[in-house]
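2 protein chains.
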Amino acid sequence: MNINRFKENPLITPKDVKPLHDGFEVIGAFNAGVAEYNGEVLLLLRVAERPIATDEQQIKAPVINKETGQLEIITFDKNDPKYNFDDPRTIRLADNLERFDYLTSLSYIRIARSNDGHHFTIDDQAFIYPYNEYQTFGIEDARCTKIDDVYYVNFSSVSPYGVCDSLISTVDFKTYEDMGNIFAPENKDVLIFPEKINGQYYALHRPSLKSIGNYDIWIASSPDLKAWGNHTHLIGVDKDNWDSGRIGGGLVPIKTSEGWLEIYHGATEDHRYCMGAVLLDLNDPTKVIARTKTPIMEPDESYEKQGFFGDVVFGCGGLVKGDTLTMYYGVADTSMAGCEMSIKEILQQLANER
Amino acid sequence: MNINRFKENPLITPKDVKPLHDGFEVIGAFNAGVAEYNGEVLLLLRVAERPIATDEQQIKAPVINKETGQLEIITFDKNDPKYNFDDPRTIRLADNLERFDYLTSLSYIRIARSNDGHHFTIDDQAFIYPYNEYQTFGIEDARCTKIDDVYYVNFSSVSPYGVCDSLISTVDFKTYEDMGNIFAPENKDVLIFPEKINGQYYALHRPSLKSIGNYDIWIASSPDLKAWGNHTHLIGVDKDNWDSGRIGGGLVPIKTSEGWLEIYHGATEDHRYCMGAVLLDLNDPTKVIARTKTPIMEPDESYEKQGFFGDVVFGCGGLVKGDTLTMYYGVADTSMAGCEMSIKEILQQLANER
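Those protein sequence lines, which keep their order, are chains Y and H.
Numbering follows the working numbering, in which position 350 of the first sequence is assigned residue number 1287; successive positions increment by one, without gaps.
Numbering follows the working numbering, in which position 72 of the second sequence is assigned residue number 1009; successive positions increment by one, without gaps.
Hints were generated in silico from the structure; no laboratory data involved.
Just so we're clear, the structure is a prediction, and the values are computed from it rather than from any experiment.
Possibly wrong hints are sitting among the right ones.
Which copy is meant is left open, because identical chains are indistinguishable; a pair holds if it fits in one copy or across any two.
What the hints assert, rightly or not - Dumping the calculated BS3-like pairs for lysine-lysine here, alpha-carbon to alpha-carbon at most 25 Å:
#1 Lys1003 <-> Lys1176
#2 Lys1224 <-> Lys1163
#3 Lys1133 <-> Lys1163
#4 Lys1111 <-> Lys1163
#5 Lys1003 <-> Lys1230
#6 Lys1176 <-> Lys1019
#7 Lys952 <-> Lys1242
Just chain Y, with the same shape it has in the complex:
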């Protein structure tokens, strides 16, 4: 696979983004959903802000108070044996490292705009800021699906209630309508298909399972985009391969003559994130036609290998012009990059490796 990374990469880094909160710093501007609107490319950035460290012995957790809606900061002593601070993203109980108690940053969705798709200007304000009790720890990893003239944006809502997937609709990227939590916790990486298939909407989703089962991709259908059923297991992690630890949908599925092309992410158990591809039946996307055995893209450049959480390429959106897929992707849980690839070439790899 030829991946033509933009020479301007990384396109957006945390230092390009002014924090919304006094006393905070932006540590991530990444994992953006993508839309084309009014002749512009919009990146629906996940911006992560954290309180600026003033004491090396402290770790701080920003949390929105669900009663007052105010942002509050909880301070932890790095030497407190009750907690574990090894993962820079989370604060965990030392005796239960499988779960987290707090996040070290607050994420929300903010728009970056571009006329040429390479040079972006970042809005001063948030587009989607935590607006309910399911989002007191933040909003993460937006995906944007255009259906007719409406843009549907879904994202992870994170709070002590769990991690669920929520949906809003917008026609102007200024205001939006809340369509509720569309997938119950614990679920992430929801990708809504851009059209109805046989009278139903479809979406990929990725449950996180407590008692049994892997971090696999499922598919569901809906009459109205709000309510989802017919949950069907689609593809699983591939033991001993690049996607052995977890997989999840990446880009909104792309309609091709050969099927629905889904570019998804996969990670090893060591959290090295690559992108792969799977081809689904055009008339019944619960049927898998082919899946890549090797990644179509791996972390390679320094901006992909080093950062807040390194060795990560994580595409959440793309734009298609003819045979060219322009993918915008998060790198190292820190910044945004862009690249171009040939859809024909992805389909060829799928045919070769099927």
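Here the structure of chain Y is known, so what remains is to put chain H in place on it, guided by the hints.
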């Protein structure tokens, strides 16, 4: 609360049920959904069968082969250090006791019928036997909701893909129509309300969460009973109380003049299961009016305290006649029992403890 237990308790025990499989024994006939049909009381029993032990040093796991549909037995050596056999219900990896790898029995749904509600005859065959790849480890804990003249039966489908909730509809308790997996894994204890409220169907559900969040009860709505959305957190576990470890819906919600009455189960972290009550707004069941602080029913009788997994009362269904709720409930993950209670008295306790 006065609980009038049936003098015939336990009503059904494993020895009353003939195993379906040669070389197997029935170890549980419990956690039944309840329906009134053609003048009879039907208990939709969860029947659990396991291979008869022939070697004390072995543990066996029955699994349905998803390719052939045949029941197969996997044998484990009790001394194999890779596995842990402390929980009689599951086989777990010794280094990951939070999850299970296999179950020690296969459950399915079988009907017990009665003219008087006290004396039951058990069907020779299964009503719902595992019928797809989501059920290779079994089908558990049916609930039955009658809407108009159709009976909807939902249950946990258990397999290596996860634990999800599936729905069938029936009009004769002989044949049924598959309505798919209505809640993605990991989810249990789904209770469908018996009528539409403001044009939508409603259901309680209980996600099991991996990364953050408790075993709490959520509520969702649906246009068609198959697809569910607007997932809303309803009530949480109550730390330091009888329902500190986990809670989940029990009986189909009962319409009263004061609100929707839900009889739910709760357990401590030591797995002592009691029943409590919560009252929801008649016109908007996402609103909680009151919740009991003390259980309405606790394991007390010997058949509730001793069995395959003791100290459990677990109601999955009931019948209402005037002020009397007849609850049928699983005891000790082994048998079925019955009791009567006054709905007025439950509402009074809710008023007192609100």
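ask   = Quick check: which numbered hints come out false for this structure?
value = Hints that this structure does not satisfy do not exist here, as all of them hold.
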